[in-house]
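*Asks:* Residue numbers (the working numbering), protein chains in the order written: chain A, 14 to 73; chain B, 70 to 292; chain C, 3 to 257.
Derived by calculation from the structure, the hints in this document are not laboratory data.
One or more of the hints may lead you astray.
Keeping only pairs whose Cα atoms sit at most 25 angstroms apart, straight-line, the calculated DMTMM-like set for lysine to aspartate or glutamate is [what the hints assert, rightly or not]: (1) C:Lys116 with C:Asp126; (2) C:Lys85 with C:Asp178; (3) C:Lys174 with C:Asp126; (4) A:Lys45 with C:Asp151; (5) C:Lys154 with B:Asp113; (6) C:Lys154 with B:Glu161; (7) C:Lys116 with C:Asp47; (8) C:Lys85 with B:Glu292; (9) C:Lys85 with B:Asp151; (10) C:Lys154 with B:Asp193; (11) C:Lys154 with A:Asp44; (12) A:Lys45 with A:Asp57.
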Amino acid sequence: MDLGTHASFIIASYGLCLLTVLALIAWVRVDKAYQERSLKELADQGISRARPETESKGAQ
Amino acid sequence: MTGWAMALFQRDLRLSIRVGGSALVGVLFFLAVVTVIPFGVGPDLNLLSRIGPAILWIGALLATLLGLDRLFQADRDDGTLDLMLMAGRPLELVVLIKCLAHWAATGLPLVVAAPLLSIFLNVDLVAMGAVTLTLLVGTPALTLIGAIGASLTVALRRGGLLLAVLVVPLAIPVLIFGVSAADAAIHDPVPFMTPFLILCALSLIAAVIGPVASAAALRFSAE
Amino acid sequence: MAFWDYANPTRFLRLVQVLLPWLIGLCLLFFAVGLYMSLFIAPEDYQQGATVRIMYLHVPAAWLCMMCYSVMTLSSIGTLVWKHPLADVSAKSAAPIGAAFTFMALVTGSLWGKPMWGTYWVWDARLTSVLVLLIMYLGLMTLWRTMEDQIKAGKAAAVLTLVGALNLPIIKFSVDWWNTLHQPASVIRMDGPTIHPDLLWPLVIMAIAFTLFFFVIHLMAMRNEILRRRVRNLRMRAAAASHPGTAAATAQPAE
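One chain only, chain A, in its complex shape (with noise of 0.2 angstroms):
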């Protein structure tokens, strides 16, 4: 492949998509190794999602 006389225009194009494609990619996976740290915190202090049935139906 050749690209020309504009060939550092080119790279840096496709390098910084990259560079945000990653960013979007590394902000989604921290964001959820940060969340299910956090309920599993909360699980590990008892503090889970069970609850009584009879709530839930009141709810629109």
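Dock chains B and C against the given chain A, drawing on the hints supplied.
*Replies:* Relative to chain A, chains B and C alone:
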């Protein structure tokens, strides 16, 4: 029906003129912006007269943005807004009247000050008239669009800066056609009426979208 | 309002679990084919040379920043009209992704512009509209972040998104008008009358790859948002249990 509307208009007008003198502060800010520009771009009178209408419009936009957080904030703080929500009047109309009163107290002084400030910028007589006319038609649109931002940020403690960020993109069309119409009056690439009529249309659109969206946002924030 | 255990989010999470591997696989496949075609197979433009390869990133990114706003608009209608509990989750998680694609479109556009126009930035109608769109995305994200109550934030953001959706055509129209008044010199029009099929196919495949990538990230971000709201509600419930009597009797966001 007109009774309560008139009363609300007068109350808001009186409050915004008496409390803090927002009309005067807005005009002072406008003057400050216009004074600062020549220090930035240099005192070249030809350049200033060419970009004068744009400077006046940007100054008016900034001054309007500055005063917008007062639109609902005081009424929310003392609970008046909740009473207005419960009073059973159409909230859209209440918002429209509040915007009109706010415009009369803060926007109209800017329009009145514009001819005076255009002297500083060496704007000629025709352009002076054109800028004043476009500001007269355009600033209500700025207030009405700004009302959306004001009602969205009314629950926030320091919403003023966010308000400006939210409102500026929506105000771009008004700015473009306001400046275009004023420019068209001086050196005419297009007739004056074309952008001017579009500016009028934008103000009318804002008079519909602004109160409707703003009333919806106020209802949701009070829920 | 949605309550602790509204069935939909849980069912949605299960659906995401099933869908994601397929979507990721498909997305990788399209990216592999698309990148190969756009970098190695696609011919050079007789006028722009190899820089035309930037188009295979720029055009899909620009397409996605529009599509993302449409997704947010639909979600906002879902929030305000149908009060669907997942709608504001969708709108909230779409905003950062839209901002990222808008950023991508701007960066590639300006890097494409430098060899073509001679400057990194031209106040061209299209670039300017995309810049305005970026400001709107960032404003919406800030609004989401600054409001404490997620339900109110959702509704406020929905109102702003819809106003923005009504305004975008007006902004586009006025920026076009403004641009024709101040026509910048030597702008190469990118909307040529026809585009050669050899250039078109890589573009289509890259656009599909970008769209699939959007949906992958959007679904994952929505899942994170649902988890975040669960954590938040559990914390609030724990706090309320340790201080009985002060429990907030407010509606809970979808979790």
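*Asks:* So which of the earlier hints does this model not fit?
*Replies:* 2, 5 and 10
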